[in-house]
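I would like the entire structure built from these sequences, with the hints used as guidance.
Protein chains in written order, with my numbering: chain G, -17 to 207; chain C, 465 to 916.
Calculated directly from the structure, the hints in this document are not laboratory data.
Treat the hints with care, since some could be wrong.
[To be verified] Restricting the straight-line Cα-Cα distance to at most 30 angstroms, the calculated cross-link-like pairs of lysine-lysine (DSSO-like) are:
hint: 1; chain 1: G; residue 1: 68; chain 2: C; residue 2: 831
hint: 2; chain 1: C; residue 1: 903; chain 2: G; residue 2: 68
hint: 3; chain 1: C; residue 1: 831; chain 2: G; residue 2: 81
hint: 4; chain 1: C; residue 1: 572; chain 2: C; residue 2: 599
hint: 5; chain 1: C; residue 1: 482; chain 2: G; residue 2: 81
hint: 6; chain 1: C; residue 1: 734; chain 2: C; residue 2: 572
hint: 7; chain 1: G; residue 1: 120; chain 2: C; residue 2: 831
hint: 8; chain 1: C; residue 1: 482; chain 2: G; residue 2: 120
hint: 9; chain 1: G; residue 1: 81; chain 2: C; residue 2: 476
hint: 10; chain 1: C; residue 1: 903; chain 2: G; residue 2: 81
hint: 11; chain 1: C; residue 1: 476; chain 2: G; residue 2: 120
[To be verified] Examples of chain C residues lying across from chain G (beta carbon under 8 angstroms, computed):
hint: 12; residue: 469
hint: 13; residue: 821
hint: 14; residue: 828
hint: 15; residue: 831
hint: 16; residue: 832
hint: 17; residue: 909
[To be verified] For each label pair, taking beta carbons as the anchor points, the in silico distance ranges come out as:
hint: 18; chain 1: C; residue 1: 805; chain 2: G; residue 2: 192; range: 53 to 63 angstroms
hint: 19; chain 1: C; residue 1: 899; chain 2: G; residue 2: 159; range: 41 to 51 angstroms
hint: 20; chain 1: C; residue 1: 908; chain 2: G; residue 2: 50; range: 21 to 31 angstroms
hint: 21; chain 1: C; residue 1: 903; chain 2: G; residue 2: 25; range: 24 to 34 angstroms
Note that the coordinates shown come from a computational prediction; the quantities given were computed from them, not determined experimentally.
Glycine residues also receive a C-beta, built at the ideal position from the N, C-alpha and C atoms.
Each chain, letter by letter, is given below.
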Amino acid sequence: MPLIELTEVAKRYRVGEQEIAALDGVNLSIEAGEYAAIIGPSGSGKSTLMHLLGCLDTPTSGRMMIDGVDASRASGNQLSELRNRKIGFVFQSFNLLPKFNVLQNVELPMIYAGLRAAERRQRALAAIERVGLSNRVKNTPLQLSGGQMQRVAIARALVNDPRIIFADEPTGNLDSTTGESILALFHELNVQGRTIVLVTHDKDIAARTPRRIEMRDGKIVAGNL
Amino acid sequence: MKLWFSLLMGLKEIGAHKFRSMLTMLGIILGVASLLACFALSEGMARGLRESMTQFGGIERVDILSQDPPEEQIGFADISPGSTVADAEIIQRRASLVTCVSPESNLKNAALTRGAQTFRATVDGCWPDFVAIKKHEIAAGRGITQLDLDEARHVCLIGQSVAKNLWPGNKPETAVGQSMLINGRPFTVVGVYAFYERSSDKTRREQGLERPSAGRKDGLPGGRKSSNPYKGWDMFSIKNLAVQIPITTMFYDFKSANVINNVDTGPNYKLDKLTFQISDVSRFQEAIEQTRGLLENTHRGIEDFTYYTREDSIESMEHSIKSIRVILGLIAGICLVVGGIGIANIMLASITERIREIGVRRAIGAKARDIFFQVIVESSVIGVCGGLLGLAAAFGLLGVIAKLTESEYTPVVALSGVLISFGFAVVIGVISGFYPALKASRLDPIEALRYG
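Okay, structure coming up:
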């Protein structure tokens, strides 16, 4: 069974009198251990797809299975739990909490998972070490460079040991060298067996991933197996 | 565990905006301080009033006063002998619900003299029970006895202020056995009453803190030392100025002649007052009816007497205490509500500032209720901190009030007042966080992430 399976998924928004289909009959399956990029011009529906896959939203129609759970019919609380336990997010603008230090930022998902303090700390430190920032544990995000902040964000995404990591333009706010190292980190994680889905409009980045899912006008036009 | 974390979050948030949080808290601080101050002031007042009431004889004391008979009895009202000692005697013999009874015949503005010292006060002629009914305490010597009464002896019982005024410089207790003149007739002091004062004054005195208005200490109303001549007219000063003699002596010495315009209208053995004490307050009305029946006999059916009970005045006193409390509490409550609105306002501003943070929290797995709870905890922390600071402020404020105004009644801080004001602050904190929390928890995670 694929890790992610979308069947005839549609997402429609109502803007005034008009109904706009951001996604229109999407069929997609992603297997565990894949490294895929969703590409497409702006307005193609890739962000909407990403939000659905990331359980931030539910489809208007169709079926969406995430790791054997029917996310298309999940309640708000169930979606929160899916996001917490099965999904890790990496954002373009890092989205770290500025008042917390690195350790506290990485611990945050585990607080919502209800882990005990000792375990939280141990796992957070391991994740921070994994992204190579052990010497920055007590720094706040504002004292870090962009690349370091994105590494913290990746550590935060990893810390609850999710089945899949979604990265929305993870290198968009970084210079090319730093972006390169972040991509290398994703590649490394994928080699270790982590499922990773990138959303990007950068053809060069997409070219490195084994699978490219190309979108246009709310439909997948290429890359579906 | 999440609660603990939310608490830390709230404290962190407050710490990050110290000035803003202080301003927000100020509303709660002032509200709590004024609420507790109101409680303490009204409690102090209530205690003071109740204390005076008890000094006066409490609810169990009943006075019977003379009054004009009703219209329809005027024509034959003369068949009634009026209030006489016979009334007291029949109540003493027959009224089973009455424990103590004493008739009273007053000599107003009598001149009290010893040597060169003289001043004027009211002298009461009474029975031995008078001491018990009026809640007097004898500090030295003895009370008036039945023998004093039977033989109409020239003995008197005096209050401490009387002793101080007639024997200046001496301890009041030394007056026992000495002689003094009442309207020129010699009397032997057989007893001196204890010194009566408000319990708050007593503590002050025992702590060695003399009140600046020492004029009232001598007990003389309108004493030269006191700036406010009326300040001494409370139950305590009045009791300290008491002079009691046997009622028989009063009749023989001062009431056997009543000279009006050089014509002696004969003796006046009428009572000014008849006072008794009820044994069981729960059978109050029964006791009143019992005595009324007896007095209707002695007065031959003429209703020329009336009852004066403390019940009415206690009731109206309790009523005014209650309304003062309600009014003060209401004002302070409004203060607190305004403070709560301040919290709600700041919380709304604060979540607008943190929409993106809320989006991030939702994205990494926070449930709507986690966000709700976090905001509620933050506003509650403001409420709790404001409440605690408010209590501290209240104690300071009460200290200043007690020093500055030198009010009649020292404020009393009761535990219930502290708990109520603090609890109110916490409740306001929680309630004012409710709407902002609801708003924050209902944010769409996707839109929140895009915000800003």
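Hints versus structure:
no., hint, result
1, G:68 to C:831, "15 angstroms, holds"
2, C:903 to G:68, "27 angstroms, holds"
3, C:831 to G:81, "21 angstroms, holds"
4, C:572 to C:599, "21 angstroms, holds"
5, C:482 to G:81, "14 angstroms, holds"
6, C:734 to C:572, "15 angstroms, holds"
7, G:120 to C:831, "27 angstroms, holds"
8, C:482 to G:120, "23 angstroms, holds"
9, G:81 to C:476, "8 angstroms, holds"
10, C:903 to G:81, "22 angstroms, holds"
11, C:476 to G:120, "16 angstroms, holds"
12, 469, "6 angstroms, holds"
13, 821, "6 angstroms, holds"
14, 828, "4 angstroms, holds"
15, 831, "4 angstroms, holds"
16, 832, "6 angstroms, holds"
17, 909, "5 angstroms, holds"
18, C:805 to G:192: 53 to 63 angstroms, "58 angstroms, holds"
19, C:899 to G:159: 41 to 51 angstroms, "48 angstroms, holds"
20, C:908 to G:50: 21 to 31 angstroms, "27 angstroms, holds"
21, C:903 to G:25: 24 to 34 angstroms, "30 angstroms, holds"
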